[in-house]
Amino acid sequence: MIVFEDVTKIYDPDVVGLLDFTCHIGKGEFVFLVGPSGSGKSTLIKLVLKELMPEKGRILVAGRNLGTLRGNKVPLLRRNIGCVFQDFKLLPNKTIFDNVAYALEVVGEPRRSIRRKVPEILSLVGLADKTNSYPHEISGGEQQRVSVARAFVNHPPLLLADEPTGNIDPETAVGIMQLLVRINRTGTTVVVATHDRDMVNRMRRRVLQLEAGRLVRDEHRGSYDQVTDSEEEEA
Amino acid sequence: MRLGFFLSEALGSMRRNWVMAMAAVITVLISTAILGAVLVTRDNLNQGATSLKNRVMIEVFIKDTASPDAVQALERKIQGLPAVKSYKYISKEEALRRFRLRFGDKIVENLPINPLPASYEIQVKDADKVDAVAAQFFNDPTVDNDPGTHNGVKYAAETVRKMLGTINLIEKGMWVTTLIFAAAAVLLISTTVRLSIFARRREVEIMRLVGATNWFIRWPFVLEGFLTGLIGAVLAAVFVYFGNLGIHNWIQSSQINFLDIKLFPMFWQGGAWPLGLLPTLAILGAFLGAAGSLVALRRYLKT
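As given, the protein sequences belong to chains R and D, one line each in that order. 1 is the number of the first residue of the first sequence in the working numbering; add one for each residue after it. 1001 is the number of the first residue of the second sequence in the working numbering; add one for each residue after it.
Bound conformation, chain D alone (with noise of 0.2 Å):
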């Protein structure tokens, strides 16, 4: 293959028909800067949830006249549970100990003895087994329930429930935003390069007349639907990457700084996407340019 040859066509052909090069990569630009935002978006609502996931914790209070025996069976039960990620032992010290943190030492000091009663904090593996996991206690003698009541073991259950609920529909809504977006990006890109190749369809002609092979004719518009997808969608990466980064700031240095945006790196970010914006936009961007080239050419390829 003679990539010089093809290369030196295809920076011509752009150079030339600029307008239409640069609509082009204006296109990609605005398509995959979207995808790149609810890409971003994905993340963060993702990782909020993940976050209030893992907020989502059991409290089990122990009677103060439970016996050391029966506070080690109760561990020993915790830590058989499956469903049980971690768990920490609250002792009344420990306790008083956050609720002077909490509301000061003058309170404590009145007190003529250490009312808290001592407690396990478990997290569940997944949120959704909370109700299971705290129905364990429910009946449990260590436990401080009143009689007839579990209120020795305390969990938000119908808050879980209603935040569950809404992350997982989030998370579905959030795909089916990226699905319609993506779908969106090729459509657009498609039919931009559709007619950039329209406006040359008798440059083609005239090349298959001189007895080019189809390839011959195909590598450059492939490799200048490549270069426009690459090209618009490195800038789509480094805007959204500002962006992305403006919000951090402001929202860090704003009343709602609670609020953990997360910045979605430009090269890298391991787990289970690995790549980070650049690379992500820059690939899909590429192939999408280089594949509508492909496709908007076949009709004017046929032998």
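Chain R on its own, in the form it takes in the complex (with noise of 0.2 Å):
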């Protein structure tokens, strides 16, 4: 689903987001992009969207060469990714409904799937009380679930996620965490950078581990650190 070959991205003065990062994720995995801030790891996912370009390196998402993916072509990759950020990013303007409702109206879904999938994707959620109110009206744990569903919504075969339950409760953040479980059991590749040690020991799902910008760690049904073999026979 995702591949990084070699991928370099450098900011402006000198900053590293990525340095030659390989990696490579199937489809319908989970995984866990871990490491402290400033690791690349939200780089990461803002290459998979090409939101950025890399300076150097290959990335292919969903069989397609980012790098020589047209401009005007790129809206058609992100509607195949659903995404969910830290700070949600829902439009303060429009009510749950509309805002679930507007990643349908952007590839032109009938009115009438519309009004059938939506209430659908939001009782999933379990927000379906919630449809018209607006997101300043709700916790922020329901704002997280209503970003989820709108990057569901489409059933693109591909999630995203930012620091998904940075900005929510421990309890909340479960409920966020199985939600993405349950879209990646219906065949959807989940790809989830956080820093909640808790949920990543808890889930043990494929882990990989950043550090400036490099690769450091990939192990399958992996924790949030490294475990020696001491620890683990400690364990």
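It should be emphasised that the hints constitute simulated quantities derived from the structure, not laboratory data. No residue lacks a Cβ here, since even glycine has one placed at the ideal position from N, Cα and C. Careful: at least some of the hints might be erroneous.
As the list claims (entries may be wrong) - Which chain R residues face chain D? A few, computed with CB under 10 Å, are given here:
no., residue
1, F30
2, V74
3, L77
4, N80
5, I81
6, K89
7, L90
8, P92
9, V106
10, V107
11, R202
12, R205
Claimed, not checked - Taking beta-carbon pairs under 10 Å as the criterion, some of the chain R residues facing chain D (in silico):
no., residue
13, E51
14, E55
15, C83
16, F85
17, L91
18, G108
Since each chain comes alone in its own frame, lean on the hints to assemble the complex.
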């Protein structure tokens, strides 16, 4: 689903985003990106969305080479990628319903099917009773669920989440993560960048650890921190 | 294109940001109203200038002793001049009738003979040619010139020249004024639109992340600009029209009613500039609004 080959991204005055980064994320996987702030997690997500272009290397998303993807095809790429952000990125002047519907309007979905699909996905994320509220009227956890609903309403093959639980209390965060797992079960590849140690440790999924733009660990069924052999024996 | 969706997006956004929308409408209103006022003023000055030019007339007086043949020859000569627009023969009787109209019967009754000469009144096509045409009659034997002068040909030489210069200057000045105000209108409107889009740049960013194409994002903004421009300009047209009407009525009912103020029509006037006030300003305003949105969006829609 996602292939990075020797990708390097340098921000303007010599700030490293990613350095010779190579990885392969298969279809249907659930992957955690971990690492301290500034280690390149967000850079990676922005590169997949073609919000940024790398200085070096090749990126393939769903078989498409982003380096040769024309600018006017970028919206088409993004329609196949659901996005969830730490700050939710909901349209403040639209109701919950219209926020989710916007992702469908964009792809030219007929009105009738919008009216069917939006309530469906909103009840899936447990917000059936908030359809006419505005983002500022609901809690952070609820806003994040709206944002997950918007990301998934198109049933994209890939879903990216950048610190989805960063602004949410731990209990609500579990709910969000469960939603992402359910989405993953439908066959959608899910990539989650996170700081949330407990969450990663509990889930035991593939972990990619970044440090200063480099991939330092790629572990299946991994935990947040590198576990040494001795520690594992103790456990 | 999903016009319904885009239109409801545009209207919804105008309703939500109504303060900004109103500011934009007022900006368009003021700038197009000034433009409209300039337009009306220019039109009036042009008309004034044209009517003044048309009043430039050459009077050629005929000697009482001239034979009918000579008078006919003079008429043929006038006919033959390409710069002449029209001419009219004023007989001695006609001249006397006019004199009587102007000065009353009493003076005329005391006259033993009719002292007034017959004449031709000549209108020229172009006021600039008046000198050249007049000069044709300075040495004509049929014309009532006193020896050594050409007082048989009467026209306001100096006055005409000064007047023409002034009119030309005013016309040029009005064009420059029009252009300056049009440029000011463009700048004001695009600044206002840019401000309103700057306030919503986060929305634009989110729309792009969700996979909206640039045109999908643009259309509501362009429609919004279009509507803003249209509303402002239509209001401006109404203001200018009633301002024009007010001044017209005021002048008509006052001491200076000889000033022939023209009413710039609201919808249609024909001629070289066929559209009336409302369509002219409405098209201009709507176009400026839409173009302003497009330009202002450009920097947020780089892919």
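Evaluated hints:
The closest approach between the C-beta of F30 (chain R) and any C-beta of chain D is roughly 22 Å, which is over the 10 Å cut-off, so the hint fails. At its closest, the beta carbon of V74 (chain R) sits 5 Å from a beta carbon of chain D; the interface hint therefore holds under the 10 Å criterion. Checking L77 (chain R) against chain D by beta carbon gives a least distance of about 8 Å; that is within 10 Å, so the hint holds. Interface hint status for N80 (chain R): upheld, as the beta-carbon distance to the closest one in chain D is roughly 8 Å, under 10 Å.
Taking 10 Å as the C-beta cut-off, the interface hint given for I81 (chain R) holds, the closest approach to chain D being about 8 Å. Because the beta carbon of K89 (chain R) sits about 5 Å from the nearest beta carbon in chain D, less than 10 Å, this interface hint is met. Taken as an interface hint, L90 (chain R) checks out: its beta carbon lies about 7 Å from the nearest beta carbon of chain D, inside 10 Å. For P92 (chain R), the suggested interface contact is upheld, since its CB lies about 8 Å from the closest CB of chain D, less than 10 Å.
This hint holds: V106 (chain R) has a C-beta 5 Å from the nearest C-beta of chain D, less than the 10 Å allowed. At a threshold of 10 Å, the smallest CB-CB gap from V107 (chain R) to chain D is about 7 Å, leaving the interface hint in force. Because the beta carbon of R202 (chain R) sits about 29 Å from the nearest beta carbon in chain D, more than 10 Å, this interface hint is broken. A cut of 10 Å between beta carbons decides the hint on R205 (chain R): the least distance to chain D is about 25 Å, and the hint is violated.
Hint on E51 (chain R) holds. Least Cβ distance to chain D is approximately 8 Å, under the 10 Å limit. A cut of 10 Å between beta carbons decides the hint on E55 (chain R): the least distance to chain D is about 19 Å, and the hint is violated. A hinted interface residue such as C83 (chain R) counts as satisfied when its beta carbon comes closer than 10 Å to some beta carbon of chain D; here the least separation is about 6 Å, so the hint holds. For the restraint placing F85 (chain R) at the interface with chain D, the shortest Cβ-Cβ distance is roughly 8 Å, inside the 10 Å limit, so the hint holds.
For L91 (chain R), the interface hint holds, the least distance from its beta-carbon to any beta-carbon of chain D being 6 Å, beneath 10 Å. With 10 Å as the threshold, the beta carbon of G108 (chain R) comes within range of chain D, its nearest partner Cβ sitting at about 7 Å, so the hint holds.
Consistency note: the structure conflicts with the earlier hints numbered 1, 11, 12 and 14.
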